[in-house]
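Following the hints, complete the assembly by docking chain B onto the known chain A.
Protein chains: 2
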Amino acid sequence: MVGIGPGSKEDMSVRALEAVKKSDTIIGYRLYVDLLRDITSGKEIISSAMRKEVERVELAIREALKGKIVSLISSGDSGVYGMAGLVMEMLHKENICLPLEIIPGIPAANAAAALLGAPLMHDYAVISLSDLLTPWETIEKRVKNAAEADFVMVIYNPKSSQRNWQLKKTVEIILKYKNAATPVGVVKNAKREGESIAITTLGKMDQNSIDMMTIVIIGNASSFTFQNYMVTKRGYNLYSSTNKSEKPKSEA
Amino acid sequence: MVGIGPGSKEDMSVRALEAVKKSDTIIGYRLYVDLLRDITSGKEIISSAMRKEVERVELAIREALKGKIVSLISSGDSGVYGMAGLVMEMLHKENICLPLEIIPGIPAANAAAALLGAPLMHDYAVISLSDLLTPWETIEKRVKNAAEADFVMVIYNPKSSQRNWQLKKTVEIILKYKNAATPVGVVKNAKREGESIAITTLGKMDQNSIDMMTIVIIGNASSFTFQNYMVTKRGYNLYSSTNKSEKPKSEA
Chain A
1 MVGIGPGSKE DMSVRALEAV KKSDTIIGYR LYVDLLRDIT SGKEIISSAM RKEVERVELA
61 IREALKGKIV SLISSGDSGV YGMAGLVMEM LHKENICLPL EIIPGIPAAN AAAALLGAPL
121 MHDYAVISLS DLLTPWETIE KRVKNAAEAD FVMVIYNPKS SQRNWQLKKT VEIILKYKNA
181 ATPVGVVKNA KREGESIAIT TLGKMDQNSI DMMTIVIIGN ASSFTFQNYM VTKRGYNLYS
241 STNKSEKPKS EA
Chain B
1 MVGIGPGSKE DMSVRALEAV KKSDTIIGYR LYVDLLRDIT SGKEIISSAM RKEVERVELA
61 IREALKGKIV SLISSGDSGV YGMAGLVMEM LHKENICLPL EIIPGIPAAN AAAALLGAPL
121 MHDYAVISLS DLLTPWETIE KRVKNAAEAD FVMVIYNPKS SQRNWQLKKT VEIILKYKNA
181 ATPVGVVKNA KREGESIAIT TLGKMDQNSI DMMTIVIIGN ASSFTFQNYM VTKRGYNLYS
241 STNKSEKPKS EA
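Residue numbers (UniProt numbering), protein chains in the order written: chain A, 1 to 252; chain B, 1 to 252.
If we strip away everything but chain A, and leave its shape as in the complex, we get:
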């Protein structure tokens, strides 16, 4: 189970790259498998459409049981709304024991954050707005509780062509607890083709520009913007701490 990070090969870990290179079979959602094209030539490639996760996992297990080395690809981190959990659920259900490795990747949230500046510098909550697998009441409760406790909030799957009211409702809930001037970062296709980065506010967010490939990061009460960046303060007192402490030691 390989998390390839946001998309470009440069953002993969060395461990993930090596795992793909030594695999016999590469399985994943078409878009993500295509991103790896130049290191997977000569391998068996099985790519499929979105929402075919269960079939992909069954296939990966079947191939692995034949003795093949299989890389099952997720974008971002395979453990964050990715394929790792589904593999484990399936192995558990079928009572299968397989040698496996979960190779973490840079999650989409953190790739988006780095493009925006440093919005995740303090406690944050990661929430998917997709109610395909989760009751909307559960999602709504999480949105409310996270906003009320002033978490920085990372929204995955904010909107799709079929799901078009959840984000609006989410913003309405958050506005009960957070100021309309709270900075919001909107990142689409982080570090891959079609990348776009926008910084706006909770009150002025243009929801039309948002789709399934977008990560939305909503700041906390100490988030601010400057130059083209969105930053959340960590709480350092930059005006008093510098004289109190000893100098760092130079080793070379």
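Only true hints are included.
Copies of the same chain look alike in the list, so a pair counts if it works inside one copy or between any two.
Pairs of lysine to any residue, SDA-like flavour, derived with a Cα cap of 25 Å:
{"hint": "1", "residue 1": "LYS68", "residue 2": "LEU115"}
{"hint": "2", "residue 1": "LYS169", "residue 2": "ASP131"}
{"hint": "3", "residue 1": "LYS22", "residue 2": "LEU115"}
{"hint": "4", "residue 1": "LYS191", "residue 2": "LEU100"}
FYI, nobody ran anything at the bench for these hints, they're computed from the structure.
Okay, now just chain B, sitting in the frame of chain A:
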């Protein structure tokens, strides 16, 4: 600002490795700079003790203003309780404009999760228990709200020699909302020397084994354990979905 991931070079991104290699000066907390020893020979290395973050950032900015290429190192992701935010705060305060790049890394939370299995497969909240920079009331409110909304919870900085009551208090609060049988993963020194991984429950967690280098992951109501893994269900219905949809397309 370079996030090097949990520690071993294999878990760094290609981009982070390249950035370090082309830098003139490497600045960071001693432990993390030491992890990079074999790719930093011949470079100016400035490492310092913990809690000297402000000095490190001032130094990095000073060196960069001289025209040097500086890598300021954080473990994990530099944007998660790391150095990226502090650099931005300092540039903002001093009104300095510098060419800069924030290179994300695999956060400690995600590295720990991958070692445990797949505990972060559903909505999760990341909370630091360090009250050095954050009022305890704020932390406690976040713990309460996250537990109440059944987030998977990732605890950073759970305990240190000086801060020894916060984790106990945190578990007490969580136990008001989550079952004592909820799986808990405890990972120390993920992917570096001294690594230890334990899976326990909220009710039976041994708080003595926990220190500043430990990440604690507390499951949600659908987390479970099997073999040596901790997994949070995503919500797939594994018994009905497989027959409904078309077969994936094989491309090779």
